[in-house]
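Asker: Using the sequences plus the hints, can you model the full thing?
Read off the chains here:
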Amino acid sequence: GEQVEQLPSILRVQEGSSASINCTYENSASNYFPWYKQEPGENPKLIIDIRSNMERKQTQGLIVLLDKKAKRFSLHITDTQPGDSAMYFCAASENNNAPRFGAGTKLSVKP
Amino acid sequence: EAAVTQSPRNKVAVTGGKVTLSCNQTNNHNNMYWYRQDTGHGLRLIHYSYGAGSTEKGDIPDGYKASRPSQENFSLILELATPSQTSVYFCASGLGAAETLYFGSGTRLTVL
Numbered sequence: 001g002e003q004v005e006q007l008p009s010i011l012r013v014q015e016g017s018s019a020s021i022n023c024t025y026e027n028s029a030s031n032y033f034p035w036y037k038q039e040p041g042e043n044p045k046l047i048i049d050i051r052s053n054m055e056r057k058q059t060q061g062l063i064v065l066l067d068k069k070a071k072r073f074s075l076h077i078t079d080t081q082p083g084d085s086a087m088y089f090c091a092a093s094e095n096n097n098a099p100r101f102g103a104g105t106k107l108s109v110k111p
Numbered sequence: 001e002a003a004v005t006q007s008p009r010n011k012v013a014v015t016g017g018k019v020t021l022s023c024n025q026t027n028n029h030n031n032m033y034w035y036r037q038d039t040g041h042g043l044r045l046i047h048y049s050y051g052a053g054s055t056e057k058g059d060i061p062d063g064y065k066a067s068r069p070s071q072e073n074f075s076l077i078l079e080l081a082t083p084s085q086t087s088v089y090f091c092a093s094g095l096g097a098a099e100t101l102y103f104g105s106g107t108r109l110t111v112l
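Those protein sequence lines, which keep their order, are chains A and B. Heads up: the first sequence runs through residues 1 to 111, numbered per my numbering. Heads up: the second sequence runs through residues 1 to 112, numbered per my numbering.
Hints in this document: simulated from the structure, not taken from any laboratory. Since we're looking at a predicted model, the values are computed, not measured. One or more of the hints may lead you astray.
To be verified - No farther apart than 30 Å at their CA atoms in a straight line, the calculated lysine-lysine pairs in the DSBU-like style are these:
{"hint": "1", "chain 1": "B", "residue 1": "LYS18", "chain 2": "B", "residue 2": "LYS65"}
{"hint": "2", "chain 1": "A", "residue 1": "LYS110", "chain 2": "A", "residue 2": "LYS37"}
{"hint": "3", "chain 1": "B", "residue 1": "LYS57", "chain 2": "A", "residue 2": "LYS37"}
{"hint": "4", "chain 1": "A", "residue 1": "LYS71", "chain 2": "B", "residue 2": "LYS57"}
Answerer: Spelled out as structure tokens, the structure:
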């Protein structure tokens, strides 16, 4: 199956600054790249995704970039707030293969 | 909002005992998944299913069986539970593999 590497595992930023999380994947056939946010004690929930026919997607302070050549995608959170503190997971999948997840990034936003 | 319900929410089992984790979805999604979450490992795929009657092995299937008797229900079975299976288990459903996953609330399993 697909292998997804996610870095960093821990990220601490000041409120108002940007946060970036990077993921790489191995399977060139992967075509769907979602990001999930998990609050403590809760289940993961989708916050943004990107498909392989796009290189960039932006919504509500979140930017996702996809570099298919390098098999790399990233999440950028602009103007971080304490409410952005959570675990973030990237994932990769293709039509005929179940989604695989990165190991997660614990983001802490300090006021 | 898509609905995925897991039961039980918490479970304490003894080593060597049988454990069944249940998952029900009302989304009419074809695909269902079982993941376990452990610190430092993220979400690891145990078993998944493309529809009623189908089960597929994920990346860490050893010690686990799965059952999909209907579109709505997907169970994870630990025939002989071991302490290494202590974890949080999440069930998820999705329209397809390359689609959004909707997760249940998770089951915290402790094997003593």
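Asker: Does each hint fit the structure? Answer for all of them.
Answerer: To see whether the hints hold, each was checked on the structure:
Restraint check for LYS18(B) and LYS65(B): satisfied, since their Cα atoms lie roughly 11 Å apart, inside the 30 Å limit. For the hint pairing LYS110(A) with LYS37(A), the CA-to-CA distance comes to about 18 Å; that is within 30 Å, so the pair holds. At most 30 Å may separate the alpha-carbon atoms for a hinted pair to count; LYS57(B) and LYS37(A) meet this at roughly 26 Å. Among the hinted pairs, LYS71(A) with LYS57(B) is consistent with the structure: their alpha-carbon atoms are about 25 Å apart, no more than 30 Å.
Of the numbered hints given earlier, the model fails none.
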